[in-house]
Amino acid sequence: MIAIIDYGAGNIFSVKNALDHLGLESRLVSDEKSVRNADAVILPGVGAFPWAMNKLNSSGLVGVICDEARKKPFLGICLGMQLIFSKGYEFEECDGLGLIEGAVRKIEAPGLIIPHMGWNRLEKLNDCPLLHDIGDNEYVYFVHSYRAECSDDNIAAYCEYGGRVPALVYDGGYVYGAQFHPEKSGDTGLKILKSFAALIK
Amino acid sequence: MLAKRIIPCLDVRDGKVVKGVNFEGIRDVGDPVECAEEYNRQGADEIVFYDITASYEGRGVFLDVVRETAKKVFVPLTVGGGIKNIDNIRETLRAGADKVSVNSQAVLNPQLVREGADIFGSQCICVGIDAKKIAENKWTVYINGGRVDMKLDLIEWVHTIEKLGAGEICLNSIDADGTKEGFDIPMLRAVCDNCSIPVIASGGAGKISDFSEVFEKTGATAALAASLFHFRELTVGQVKEHCREKGVIVR
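Which chain is which? The protein sequence lines are H and S, in order. With the numbering used here applied, the first sequence corresponds to residues 14 to 214, in that order. With the numbering used here applied, the second sequence corresponds to residues 1091 to 1341, in that order.
If you're looking for bench data, these hints aren't it; they were derived computationally from the structure. Watch out, some of these pointers could steer you wrong.
If you anchor each label on the Cβ, the simulated ranges turn out as follows [said to hold, decoys possible]:
# : chain 1 : residue 1 : chain 2 : residue 2 : range
1 : S       : Glu-1331  : H       : Asp-146   : 23 to 33 Å
2 : S       : Lys-1162  : H       : Asp-108   : 33 to 43 Å
3 : S       : Lys-1307  : H       : Ala-211   : 18 to 28 Å
4 : H       : Ser-158   : S       : Glu-1181  : 23 to 33 Å
5 : S       : Arg-1180  : H       : Ser-158   : 16 to 26 Å
6 : S       : Gly-1337  : H       : Asp-200   : 36 to 46 Å
7 : S       : Asn-1284  : H       : Asn-50    : 51 to 61 Å
This one's a predicted model, so the numbers in the text were calculated from it and none came from an experiment. Every residue gets a Cβ at the ideal spot worked out from N, C-alpha and C, and that includes glycine.
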């Protein structure tokens, strides 16, 4: 069972719909025990970094997320991906989950429209199990105004938008983060979610 | 680079897809969920549902249609028509929409745009605008499906909604809509040059070259069409193939 963490952020039903469509069992959860009992965990999210961290802190989920992300497949999506990093700078400096070293800052792209919204092409950088079924010219759907800054070693794929924007990050263990929305990225996104579920032992 | 988006729009009335020509003479063309699935297969980058009953007769948005579509189609869904307050936005997003499009109600109550952006994020608040030319490089904003002239200057309105936190504009030209003579290039240029949020071009698409033209001549990031795709005069795939040949980046 894949736990989709429901902390009041964004359109979590889309993630559930996509997993249902793939025939993968999932549940929307908001308590510690369900996260511990799951085979894999997805942290979705749309909204602001400090607001989301506040929500996770006040619901007492930060500890269990950090523990479980070391033991079983964990995927952060969009804001959920940004929360993986150590620090966020949306409105104010804020500690993230710290699963991957890095910071999240506003996209600086003179002349380009912010938010970065729409379909952009994944450029693979490092080997990652979630990209094994993905070709070289596949597009995924993004909607965000902030971007991760992290070591190239953690970037499985990036896209070009006023420079390299980390699109899929990976810690080499169980932690994955997608800046794009796999649940809204057509067949390409569904393949990525399927590959994620295939990591369940 | 970001791809230009091709967006089919489904005008829905009483649970069926219809298409009005200049908002008159509506013809019935089918089941919205099936249409959305077909567009998804053709490569649509996003799908818009517009509840045309809502703005005329105050009916609620067709949440069941949205809910069913969101279970089968995994590209962004935008829902417009009949969104009057924050509760309407919330229920529409919870039904599976990724964005809502507010039009008349944004003009009547601009705070709806601000509150919606504050609560749900700018990325899910698209402001739809129906505008009509009144003089050279001058347009005014209409509401209620293009029936009421608000005597509101288009560019002034664009500045206002951007400040209020709108995440996107869907700009429909009343003059071009239904004519099939191409998008309203001067109006789109004026709006794109006066804002820094994405602009969807709407109204007037009649032939395949209209799509490459709008991307070559304006800053629009997406182009929307309804009847052209409904009546299968063109598929989304054909439009994209044409754009690609013309050097426009598409998915």
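Quick rundown of the hints versus the structure:
1. Under the hint 23 to 33 Å, the C-beta atoms of S:Glu-1331 and H:Asp-146, about 25 Å apart, fit the expected range.
2. A hinted range of 33 to 43 Å for the beta carbons of S:Lys-1162 and H:Asp-108 is consistent with their spacing of about 39 Å.
3. Between S:Lys-1307 and H:Ala-211 the Cβ separation comes to about 46 Å, which falls outside the hinted range of 18 to 28 Å.
4. Restraint check, H:Ser-158 to S:Glu-1181: a C-beta distance of roughly 26 Å satisfies the suggested window 23 to 33 Å.
5. Under the hint 16 to 26 Å, the C-beta atoms of S:Arg-1180 and H:Ser-158, about 22 Å apart, fit the expected range.
6. Distance hint for S:Gly-1337 and H:Asp-200: a CB-CB separation of about 25 Å, inconsistent with the stated range 36 to 46 Å.
7. In this structure, S:Asn-1284 and H:Asn-50 meet the distance hint of 51 to 61 Å, their C-beta atoms being roughly 53 Å apart.
Hint compliance for this structure: hints 3 and 6 are not met, and every other hint is.
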